Amino acid sequence: AQSVTQLGSHVSVSEGALVLLRCNYSSSVPPYLFWYVQYPNQGLQLLLKYTSAATLVKGINGFEAEFKKSETSFHLTKPSAHMSDAAEYFCAVRANAGGTSYGKLTFGQGTILTVHP
Amino acid sequence: EPEVTQTPSHQVTQMGQEVILRCVPISNHLYFYWYRQILGQKVEFLVSFYNNEISEKSEIFDDQFSVERPDGSNFTLKIRSTKLEDSAMYFCASSELGTANTEAFFGQGTRLTVV
Chain A
1 AQSVTQLGSH VSVSEGALVL LRCNYSSSVP PYLFWYVQYP NQGLQLLLKY TSAATLVKGI
61 NGFEAEFKKS ETSFHLTKPS AHMSDAAEYF CAVRANAGGT SYGKLTFGQG TILTVHP
Chain B
1001 EPEVTQTPSH QVTQMGQEVI LRCVPISNHL YFYWYRQILG QKVEFLVSFY NNEISEKSEI
1061 FDDQFSVERP DGSNFTLKIR STKLEDSAMY FCASSELGTA NTEAFFGQGT RLTVV
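Chains as they are written, first to last, in the working numbering: chain A, 1 to 117; chain B, 1001 to 1115.
Source of the hints: derived by calculation from the structure; they are not laboratory data. Hints should not be assumed to be uniformly reliable.
Coverage of chain A stretches by chain B, computed from C-beta distances (three or more under 8 Å per stretch; other residues unrestricted) [unchecked claim]:
1) 39-47
2) 105-116
Mimicking DSBU-like on lysine-lysine, the simulated pairs with C-alpha atoms at most 35 Å apart in a straight line are [said to hold, decoys possible]:
3) B:K1083 <-> B:K1042
4) A:K49 <-> B:K1042
5) B:K1057 <-> B:K1042
6) B:K1042 <-> A:K58
7) B:K1042 <-> A:K69
8) B:K1083 <-> B:K1057
9) B:K1042 <-> B:K1078
10) A:K69 <-> B:K1078
11) A:K68 <-> B:K1042
12) A:K58 <-> B:K1083
Cβ pair distances, simulated, as ranges [claimed, not checked]:
13) B:D1062 <-> A:L18: 24 to 30 Å
14) A:N61 <-> B:E1096: 22 to 28 Å
15) A:S52 <-> B:E1053: 26 to 32 Å
16) B:T1013 <-> A:S84: 31 to 37 Å
17) B:S1066 <-> A:Q42: 24 to 30 Å
Keep in mind that this is a model prediction, so the values were computed, not measured. Every residue gets a Cβ at the ideal spot worked out from N, C-alpha and C, and that includes glycine.
Based on the sequences and whatever the hints tell you, model everything.
Listed below in structure tokens is the structure:
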């Protein structure tokens, strides 16, 4: 079974500041990890994914995330926030194993990012 | 760019009524999913569908729910007799493959309000 915990339901940063959104996972098998972003009135868009290759993953819009097995974490970062980054961010895990559950994503509760001028 | 489209964007229905939420997945995708997000809560998996049958379903997906691919393009979620607690945003998703590293593409969602 898999689960994801996102620490902080709301994060507020100033424009130009570092963005750090935290995600910790629990998985009985090696996980695949994803970050999705949801802009207002839009669907979920994939930002980046970890699929057991490089532990530092770069995504769209300047975001990146680092898979740390020892810490069971996959935190999302961006060096300099932009106003357009304001959205809700979801971390998700999928089991890296055979069987019928490989398609199913398990999501965290989401973090709303607010960017102040 | 190919995208998953969902209709309607909003639906209001009376308790006890049947609703059908519609989705058009990306054309070459083979795996289809429904998720829902009750306001203020997590996005939750409902069901996955492949080769014209359900491959996995969650505890939420009880006998009130059904899915169908009635033709080559649409993928529908039917709720037989809606309850107030079915009010949520429903997301359809599709992926080309069912492997764990394959990206799932999500639609914009249908906001269902049961009154």
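We went through each hint and held it up to the structure:
With 6 residues having a Cβ less than 8 Å from any Cβ of chain B, the segment 39-47 of chain A passes the three-residue criterion, so the hint holds. Counting residues of the segment 105-116 of chain A whose CB lies closer than 8 Å to any CB of chain B gives 6, which reaches the minimum of 3, so the coverage claim holds. For a cut-off of 35 Å, the pair hint linking B:K1083 to B:K1042 stands: about 19 Å separates their Cα positions. For the given pair, A:K49 sits about 19 Å from B:K1042 by alpha-carbon distance, which is consistent with the 35 Å threshold.
Distance check on the hinted pair: B:K1057 and B:K1042 sit about 17 Å apart at the alpha-carbon level, within 35 Å; holds. Of the pairs offered as hints, the one joining B:K1042 and A:K58 holds, with about 25 Å between alpha carbons and a cut-off of 35 Å not exceeded. Pair hint B:K1042 plus A:K69 holds up; C-alpha atoms about 24 Å apart against a cutoff of 35 Å. Of the supplied pair hints, the one linking B:K1083 and B:K1057 holds, its CA atoms being roughly 19 Å apart against a limit of 35 Å.
As the CA atoms of B:K1042 and B:K1078 are separated by approximately 21 Å, the hinted pair is consistent with the 35 Å bound. Restraint check for A:K69 and B:K1078: the C-alpha separation of about 40 Å exceeds 35 Å, so the hint is violated. Among the hinted pairs, A:K68 with B:K1042 is consistent with the structure: their alpha-carbon atoms are about 24 Å apart, no more than 35 Å. The straight-line distance between the Cα atoms of A:K58 and B:K1083 is roughly 42 Å, outside the 35 Å bound, and the hint therefore fails.
Checked against the hint of 24 to 30 Å, the C-beta distance between B:D1062 and A:L18 comes to roughly 44 Å, which is inconsistent with it. For the pair A:N61 and B:E1096, the supplied restraint of 22 to 28 Å holds, since their beta-carbon distance comes to about 23 Å. Checking the proposed 26 to 32 Å range against A:S52 and B:E1053 shows it holds: the Cβ atoms sit about 29 Å from each other. One distance hint, 31 to 37 Å for the beta-carbon pair B:T1013 and A:S84, holds here, with the actual separation near 35 Å.
Remark: the range hint 24 to 30 Å for B:S1066 to A:Q42 is upheld by a beta-carbon distance near 27 Å.
Against the hints set out earlier in the document, violations occur for numbers 10, 12, 13.
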